[in-house]
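Engineer: Given next are the chains, with one letter for each unit.
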Amino acid sequence: MFIGAIGCEPLQLKRVNLENSHRLDVYRKNGGYEALKKVLDGMSPDDVINEVKKSALRGRGGAGFPTGMKWSFVPKDNPKPKYVVCNADESEPGTFKDRYLMERDPHMLIEGMLIAAYALGSQTCYIYTRGEYRYLIEIADEAIREAREAGLVGEKILGTNFSCNVYTHTGAGAYICGEETALLNSLEGLRGHPRMKPPFPAVAGLYGSPTVVNNVETLTAVPDIIKMGGEAYQKLGTEKSGGTKLWSVSGHVNRPGVYELPMGYDDMEKFIMEDCGGMLNDKKLKAVIPGGSSVYIMPAADILGKDVRMDYEGLVAAGSMVGSGGFIVMDETVDVFESTKNLIEFYKHESCGWCTPCREGTDWLVKVFKRIASGEGRPEDAQLLLDICDNIEGKSFCPLGDAAAWPIQSAIKKFPEDFKRHLARLTETEGALT
Amino acid sequence: MLIAERFIMSSQFTPNNPLPQEAKVPEEIARFSPEVEAEIERHLAKYPPERKRSAILPLMFIVQRERGGYLDPPGVAYLADRLGVRITDIWEVATFYSMINTEPVGRYHIQVCKTLSCKIMGADRITEQCSKRLGIKPGETTPDGLFSLSVVECLGSCGTAPMLQLGFDYHENLTEAKVNELLDRCQRGEYQPTVGVKTSA
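Residue numbers (the working numbering), protein chains in the order written: chain A, 1 to 434; chain B, 1 to 201.
By construction, these hints were calculated from the structure, which means they are not laboratory data. Incorrect hints may appear among the rest.
Stated by the list, open to error - Heads up, simulated DMTMM-like pairs for lysine to aspartate or glutamate below, C-alpha to C-alpha not over 20 angstroms straight-line:
id	chain 1	residue 1	chain 2	residue 2
1	A	Lys348	B	Glu153
2	A	Lys367	B	Glu153
3	A	Lys370	A	Glu338
4	B	Lys46	A	Glu146
5	B	Lys46	A	Glu138
6	A	Lys370	B	Asp124
7	B	Lys46	A	Glu142
8	B	Lys137	A	Glu345
9	A	Lys414	A	Glu332
10	A	Lys37	A	Glu138
11	B	Lys52	B	Glu39
12	B	Lys137	B	Asp124
13	A	Lys14	A	Glu34
14	B	Lys46	A	Glu188
Assemble the whole structure, with the sequences as input and the hints as a guide.
Structural biologist: Written out as structure tokens, the structure is:
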């Protein structure tokens, strides 16, 4: 599988293809822990937050919230301990970038967390990793051990007054725990139900203390931001979305993999047809889900010849979202009704059951999809699906509900013929699809 | 802010909640070797002393590993006792997470990923092949207790699809031949898990 950068110098991926890249000596030989040293050598916590603000780094987990701003929400006068939590519960279908960052470069994550902890006045960091990624927890535990022995984790780091511990924590198979407040409940030993916001975790998070939850890719961007300066990092990308972004490419392309692109890479068609090696078996492109299963599906017609820019604003303009960067390519053999059914089964399985719109809504969506698939669909079923989506979207406790509704809404809108075909087996009436 | 904060605190587990004695399962509480106890201590040490409950998931993995692959009642009683929570608190959490088994599973638990990227790269073929060869449907265990077969949601192996997880090991870029070879090794008792067997640091 390909792992590398296109259109820019590799930044987050610059070490991943080195031999023993997960080892401390390799990391240090290649610029590792220099950013931490720079921070401890004379930057104040506010200096660090300002650099991150200047970098225009946006949360890479999916929501794209400006990281520097998130950090600045942590109250300075709160006497409680503060926590930095890394969200490594990567489970958005189509997304696997964090896995390779943690497998190949775990020290980059530890360094990023330590810098975040310094900026926020925290002495404890947790890496919440999905339970299935057990081998990554073993790699992280080993990296933490190495760092501790080298005086980089624990008491008086690098001989300064800064002390900070880093611990791994395991999830146990629940997509919802990627939502930050559900993750915090899970980390407290509870069911992974999301919490009411506000208060936001920055004010009352883990154990009711101020907490920052950041994705792996977000935290691993921090050492480079400190080393090169926020402004230089921002210039790698666009004004509003700084730096580079990792895209997890899967599906019908010749070269799936993890691709690091500058934010604002300006041609999605070239990305698929050249950078990713083109379509598998020379089939025609039918659709792309560019940002993980939760975002709107894009038909080929919205990509080919359209110069779709790959950043937050560019993808919204093209009718979708960056999300987590889980880039799923589908060729002409894929039936979008079937692919959407597959995704809604995922959301039904992963709905935590906490709120009624999502719990009942996703269940009904699956029932209607199954009815259509079994050949017993009714002409009004497409409209029924949209009505159910309308009763979930914006009405559920957390964004999982929206994430379940969006793929269906966009699939029915962009690929009506695939739905029509399944419904037309029964009736000549086209119902909502006319 | 204060009201909201109070809401958060009251809606969650309060530390050192006294245990009502009658809630304890009386008959048997699991016992573990000093090595396993040391492993459990290492996990507990990661969290503030009054927040032992945070270790519930890591400890559940250890208990299910030591108790034959699932949380049996003595294992559940152990966890409640060790963490200072009620039996129902343990069940409440155990039933939420898909990797915590509350029923026995086969020695080789084969989990085929079924979500979109794997689906369009041939996941159904892999499931069918396993199902046919083992003579069980997804969700079932072979009568000899050797194999369980499950279809599961996205395991983050989309670029190397189709894939399955066996125990904690990922097997990726699967072909019919690779699956056959893997099942052969299991049936001959030659399959050695590479991940999650040693006591972690």
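Engineer: Against each hint, give a clear statement of whether it holds in the structure.
Structural biologist: Going through the hints against the structure:
1. A:Lys348 / B:Glu153: Given pair Lys348 of chain A, Glu153 of chain B holds - Cα atoms ~11 angstroms apart, limit 20 angstroms.
2. A:Lys367 / B:Glu153: With Cα atoms ~18 angstroms apart, Lys367 of chain A and Glu153 of chain B stay inside 20 angstroms; holds.
3. A:Lys370 / A:Glu338: Roughly 10 angstroms separates the two Cα atoms, so the pair holds.
4. B:Lys46 / A:Glu146: holds, 17 angstroms
5. B:Lys46 / A:Glu138: holds, 15 angstroms
6. A:Lys370 / B:Asp124: At roughly 17 angstroms apart (the allowed maximum being 20 angstroms), Asp124 of chain B and Lys370 of chain A satisfy the hint.
7. B:Lys46 / A:Glu142: holds, 15 angstroms
8. B:Lys137 / A:Glu345: holds, 19 angstroms
9. A:Lys414 / A:Glu332: holds, 14 angstroms
10. A:Lys37 / A:Glu138: Measuring from Cα to Cα gives roughly 26 angstroms; hence the hint is violated.
11. B:Lys52 / B:Glu39: Holds - the C-alpha atoms of Glu39 of chain B and Lys52 of chain B are around 14 angstroms apart, at most 20 angstroms.
12. B:Lys137 / B:Asp124: holds, 12 angstroms
13. A:Lys14 / A:Glu34: Status holds; Cα separation ~15 angstroms.
14. B:Lys46 / A:Glu188: holds, 12 angstroms
Comparing the model with each numbered hint stated earlier shows that hint 10 is the single one that does not hold.
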